[in-house]
Amino acid sequence: MKVAVVVFPGSNCDRDMYHVLTDVFNVDAQYFWHEKPLPKNIDAVILPGGFSYGDRLRAGVIAAHSPIIKDVKKIAKKGIPILGVCNGFQILVESGLLPGVLLKNESLNFMCEWTNLIVENNKTPFTNQFKLQQKIPIPIANGEGRYYVDDDTLKQLKKKNQIVFRYDQVVNGSSNRIAGVCNDDGNVVGMMPHPERAVESAINPIDNKPSSLIFESLLSKMGVSN
Amino acid sequence: MSLEPQELSELKSKIGRDPTPTELQIVAAEWSEHCSYKSSKRHLKMLPMKGPLVITEKGYDSGVLDVGDGYVVTAHIESHNHPSAVEPYGGAATGVGGVIRDILSAGTRPIAIFDGLRFGDIEKDQQARWLFKNAVTGIADYGNCLGIPTIGGEVEFDQCYENYALVDVAAVGFGKKENLIKNHAKKGDVVVLMGGSTGRDGIGGSQFASDSLESEDRSAVQIPDPFIEKLIIEAILEARNANLIHAMKDLGGGGLSCAISETADALEIGIEMDVDKVLTRESDMHPDEIMVSESQERMLIVTSKTKFKKLQDICKKFRIGCSVIGNVKSDNQMHVKKGKKTFANLPTNVVANATLLDLPSKEPSYLKTIQKEKKLKKISDYSKIMMKLLSSPNIASKIWVYGQYDHEVGIRTVVKPGRDASVLRLDNGKFLSVKIDGNPKQCYINPREGAIGCFEEACRNVVCTGAKPIGMLDHLQFGNPKDPEIFWTFLESLRGLTDFAKDFEIPCVGGKVSLYNETPKGPIKPTPLIGVIGLIDKQPQIPQKISDDDCLIILGETKDELGGSEYYEYIHKFIGGNCPIVDFSESKKNMKSVLEIIPKKLLKSVHDCSKGGLAIAISELSLNNQIGCSVDLDKVPGKKLDVDRILFSESHSRYLLAFDKKNLVKIEKILKKNKTSFSIIGKFGGEKIQFVMGKNSIIDLRVDKAQKTWLNSLRDLVLHG
Numbered sequence: 001m002k003v004a005v006v007v008f009p010g011s012n013c014d015r016d017m018y019h020v021l022t023d024v025f026n027v028d029a030q031y032f033w034h035e036k037p038l039p040k041n042i043d044a045v046i047l048p049g050g051f052s053y054g055d056r057l058r059a060g061v062i063a064a065h066s067p068i069i070k071d072v073k074k075i076a077k078k079g080i081p082i083l084g085v086c087n088g089f090q091i092l093v094e095s096g097l098l099p100g101v102l103l104k105n106e107s108l109n110f111m112c113e114w115t116n117l118i119v120e121n122n123k124t125p126f127t128n129q130f131k132l133q134q135k136i137p138i139p140i141a142n143g144e145g146r147y148y149v150d151d152d153t154l155k156q157l158k159k160k161n162q163i164v165f166r167y168d169q170v171v172n173g174s175s176n177r178i179a180g181v182c183n184d185d186g187n188v189v190g191m192m193p194h195p196e197r198a199v200e201s202a203i204n205p206i207d208n209k210p211s212s213l214i215f216e217s218l219l220s221k222m223g224v225s226n
Numbered sequence: 227m228s229l230e231p232q233e234l235s236e237l238k239s240k241i242g243r244d245p246t247p248t249e250l251q252i253v254a255a256e257w258s259e260h261c262s263y264k265s266s267k268r269h270l271k272m273l274p275m276k277g278p279l280v281i282t283e284k285g286y287d288s289g290v291l292d293v294g295d296g297y298v299v300t301a302h303i304e305s306h307n308h309p310s311a312v313e314p315y316g317g318a319a320t321g322v323g324g325v326i327r328d329i330l331s332a333g334t335r336p337i338a339i340f341d342g343l344r345f346g347d348i349e350k351d352q353q354a355r356w357l358f359k360n361a362v363t364g365i366a367d368y369g370n371c372l373g374i375p376t377i378g379g380e381v382e383f384d385q386c387y388e389n390y391a392l393v394d395v396a397a398v399g400f401g402k403k404e405n406l407i408k409n410h411a412k413k414g415d416v417v418v419l420m421g422g423s424t425g426r427d428g429i430g431g432s433q434f435a436s437d438s439l440e441s442e443d444r445s446a447v448q449i450p451d452p453f454i455e456k457l458i459i460e461a462i463l464e465a466r467n468a469n470l471i472h473a474m475k476d477l478g479g480g481g482l483s484c485a486i487s488e489t490a491d492a493l494e495i496g497i498e499m500d501v502d503k504v505l506t507r508e509s510d511m512h513p514d515e516i517m518v519s520e521s522q523e524r525m526l527i528v529t530s531k532t533k534f535k536k537l538q539d540i541c542k543k544f545r546i547g548c549s550v551i552g553n554v555k556s557d558n559q560m561h562v563k564k565g566k567k568t569f570a571n572l573p574t575n576v577v578a579n580a581t582l583l584d585l586p587s588k589e590p591s592y593l594k595t596i597q598k599e600k601k602l603k604k605i606s607d608y609s610k611i612m613m614k615l616l617s618s619p620n621i622a623s624k625i626w627v628y629g630q631y632d633h634e635v636g637i638r639t640v641v642k643p644g645r646d647a648s649v650l651r652l653d654n655g656k657f658l659s660v661k662i663d664g665n666p667k668q669c670y671i672n673p674r675e676g677a678i679g680c681f682e683e684a685c686r687n688v689v690c691t692g693a694k695p696i697g698m699l700d701h702l703q704f705g706n707p708k709d710p711e712i713f714w715t716f717l718e719s720l721r722g723l724t725d726f727a728k729d730f731e732i733p734c735v736g737g738k739v740s741l742y743n744e745t746p747k748g749p750i751k752p753t754p755l756i757g758v759i760g761l762i763d764k765q766p767q768i769p770q771k772i773s774d775d776d777c778l779i780i781l782g783e784t785k786d787e788l789g790g791s792e793y794y795e796y797i798h799k800f801i802g803g804n805c806p807i808v809d810f811s812e813s814k815k816n817m818k819s820v821l822e823i824i825p826k827k828l829l830k831s832v833h834d835c836s837k838g839g840l841a842i843a844i845s846e847l848s849l850n851n852q853i854g855c856s857v858d859l860d861k862v863p864g865k866k867l868d869v870d871r872i873l874f875s876e877s878h879s880r881y882l883l884a885f886d887k888k889n890l891v892k893i894e895k896i897l898k899k900n901k902t903s904f905s906i907i908g909k910f911g912g913e914k915i916q917f918v919m920g921k922n923s924i925i926d927l928r929v930d931k932a933q934k935t936w937l938n939s940l941r942d943l944v945l946h947g
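Chains as they are written, first to last, in our numbering: chain A, 1 to 226; chain B, 227 to 947.
Warning: the hint list may mix true and false statements.
Example chain B residues on the side facing chain A (calculated, C-beta under 8 angstroms, incomplete) [said to hold, decoys possible]: (1) Leu-279; (2) His-633; (3) Ile-637; (4) Arg-651; (5) Asp-653; (6) Ile-807.
Here are some chain B residues the structure puts well away from chain A; computed CB gaps all over 10 angstroms [said to hold, decoys possible]: (7) Leu-273; (8) Pro-274; (9) Asp-367; (10) Glu-388; (11) Arg-426; (12) Glu-498; (13) Lys-555; (14) Thr-581; (15) Asp-632; (16) Glu-711; (17) Ile-797; (18) Glu-894; (19) Lys-934.
Quick caveat, the hints were computed from the structure, so don't treat them as lab data.
Even glycine gets a Cβ: it sits at the ideal position worked out from N, Cα and C.
Take these sequences, add in the hints, and give me the full structure.
Shown next as structure tokens:
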């Protein structure tokens with residue numbers, strides 16, 4: 001299995017994601033600079049966190065026009081699993097691959113803290129190993145992390161089971177406490193919290209097993225046992 | 227903002243002619259206090275700078291420590307006080323940027339940022355609140371964007387910083403020893419300027435920082451661009467891996483003038499450069515402006531002509547500027563041209579080495595009376611006093627600050643901020659613990675003992691994580707050095723630090739001196755800030771949840787030392803009294819005991835006693851663990867003292883150990899063997915923080931109520947005044 005870790009100018013969680021994929025889960029991961037085409041045989045694509053283009057204009061909006069996003073869109077149509085974390089989620093939203101927008105946190109501050117997620121959809125390639133309503137202790141670190149959709153879209157998201165993760169309590173004022181969503185087909189998932197910061201017991205003060213299931217779900221989807 | 231008359235005549239006699247206007251600008255920047263350390267340099271030599279782990283190379287801006295297995299840690303500290311006092315957001319942000327580039331210059335990846343912030347009384351002073359809020363946002367926006375975690379620091383408020391700000395930033399880097407840049411250059415090499423363009427910001431910044439802050443010279447403040455800095459970091463590390471860098475220096479104070487002259491002087495070469503080759507933000511910049519602009523996010527690199535092509539390709543990938551601005555010569559001259567016309571041609575050793583001063587010093591007259599104790603009014607309700615202290619800006623939780631900093635990125639942060647010191651995991655299985663500490667209140671009362679206290683406190687904090695101190699950074703911040711009384715406080719602090727460093731065999735690996743820190747109402751209190759780097763070979767002390775019936779031991783004696791304490795100054799508005807004094811042998815004994823117990827995995831939590839004394843330290847353990855405690859003050863080791871002193875005295879060398887009572891015998895055995903002064907003073911459990919003395923209840927507080935106050939009061943103060 002080959003997983004692409006896309007690197008934009010200003011990405012800063014690319015190395016952390018790469019470390020987790022290769023050293024913790026023994027996945028064949030490869031960096032892809034945003035100007036490099038994605039090969040056809042890629043099995044999954046991860047857009048890591050960071051500050052692509054320094055969050056100029058709006059987080060993720062410039063990176064959404066990077067050459068590689070054209071390939072990501074093509075791959076998305078084929079049903080290949082795509083995960084956007086934090087800035088990666090913002091890029092997926094800005095490129096139209098996921099619904100909604102990400103606004104400044106209600107506090108108007110950057111927030112770095114540990115939160116609890118609740119799994120609302122366990123059918124995606126990144127959540128198939130979870131039980132519904134399972135809790136995941138996981139850190140967030142963002143300034144523009146407040147997911148917002150209008151009421152009609154929220155209804156649609158609920159109906160189509162596109163809400164993947166919610167916070168167990170109000171964190172940043174996001175609509176319906178949403179922390180992560182997927183596209184209509186369920187293969188493209190975006191989430192604000194950072195799973196790559198939570199899968200190793202050395203740096204997770206609470207419990208590293210739930211977050212690990214995000215990566216184990218992908219392995220399971222690909223038919224790889226870890 | 228130019229050369230003093232005697233400096234001008236000295237320059238003339240050294241070069242044997244009148245300097246050109248450009249030469250004057252270059253020399254004024256380089257001979258400024260900020261760049262030349264002319265007042266302090268001859269005294270700084272007293273600090274021990276060598277040690278078994280210290281690696282020295284010419285031209286390094288950061289200290290390098292060997293942490294084994296082929297890895298090194300680099301560390302440096304800087305401040306950006308003058309700029310932050312005028313424009314706190316940009317000043318603080320560019321302060322981060324500058325120290326990060328120093329770490330990068332050695333060829334190591336920056337892995338952590340620490341910040342020490344000091345402002346006026348934010349309870350009364352709206353401007354102090356504004357400065358504080360914007361400095362924090364500046365650091366957050368810069369560090370977060372770079373993806374370098376800000377994992378520690380301290381915040382303090384004191385009236386002496388009214389209308390002013392101290393913004394200190396320390397950074398730590400990590401890399402392979404074989405990848406360190408060994409600065410060298412030979413004739414024919416090219417001198418490259420890479421990164422951002424050169425603009426009109428920060429013109430004369432180093433002279434601005436070498437003078438008392440009288441005018442708000444905004445053009446002297448640099449403009450931050452963390453995105454470019456991030457690209458520079460990645461481009462340079464890529465170039466380093468491809469072995470494309472012969473020598474490297476960041477552009478900081480003094481801009482090109484400083485970088486060119488210091489590089490040439492350190493490497494004993496000459497550099498000929500053409501200002502027309504510098505990428506400028508505006509087309510009509512004069513050579514003088516180009517030479518002294520302190521535009522940020524720029525690096526000077528020396529490489530060969532063939533390697534330059536590859537370096538250019540890397541810069542193209544990241545879309546950052548990269549141009550050859552000069553050539554290496556063998557004549558030891560700094561030759562600045564615009565096209566064919568010469569604007570400056572100076573011997574580099576003249577530019578890079580200002581004549582050092584030997585300033586007079588005299589003991590300040592205030593010190594003769596300030597150490598007298600004063601009879602204070604009797605306290606009827608200590609619980610109320612405790613609540614007041616827990617809500618005071620200097621003691622309240624700083625979660626509002628570090629919650630805005632990404633402290634997890636890089637996935638190294640094993641012990642998170644909010645404890646004694648944060649801990650990072652390193653690639654060789656070891657751990658690094660770093661803390662910075664200052665205490666201007668105590669340094670004011672006793673400059674020598676206060677400075678030693680800061681050093682010991684930073685050591686205590688890393689020792690609490692199980693780390694052995696292996697290096698220190700000192701940042702000496704004082705007022706105008708030409709005032710002999712101020713210069714005396716500088717020398718006293720420095721002598722104290724030197725004595726401690728020598729006795730404890732902790733080498734100074736980096737430092738900075740910041741003088742002329744004057745507010746409209748006078749000089750700041752002496753504010754040395756000490757950073758201590760600690761190394762843990764195996765497992766760090768990770769705080770575990772304290773539960774019912776766990777025991778509490780205190781190590782070290784509590785003394786009659788309320789001088790400069792939060793209790794005296796915040797509760798009684800009294801400045802003076804007995805400054806805490808570190809007893810070197812007691813300090814060593816206690817450090818040794820803690821470091822011996824931690825690896826045996828007998829402890830749940832270790833915490834030191836500092837601001838607010840024993841009462842606050844024990845409360846912090848309770849509040850962090852949401853559990854009550856009961857403490858008997860009669861059992862506190864030391865000579866018999868009154869309640870005020872037992873509770874709030876800020877005596878050094880004291881540690882609190884919380885542990886499961888089943889481990890008591892083993893712990894006592896080690897402490898007795900080491901002849902440490904200690905006592906079991908209480909246990910945890912229940913929902914209240916309770917202190918008794920004999921049969922009298924002294925403090926009785928609900929944990930939930932105290933916790934709410936402690937966690938929220940700083941945020942409430944910033945947001946709602």
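_Which numbered hints fail_ = When the structure is compared with the hints, numbers 1, 5, 6, 9, 15 turn out to be violated.
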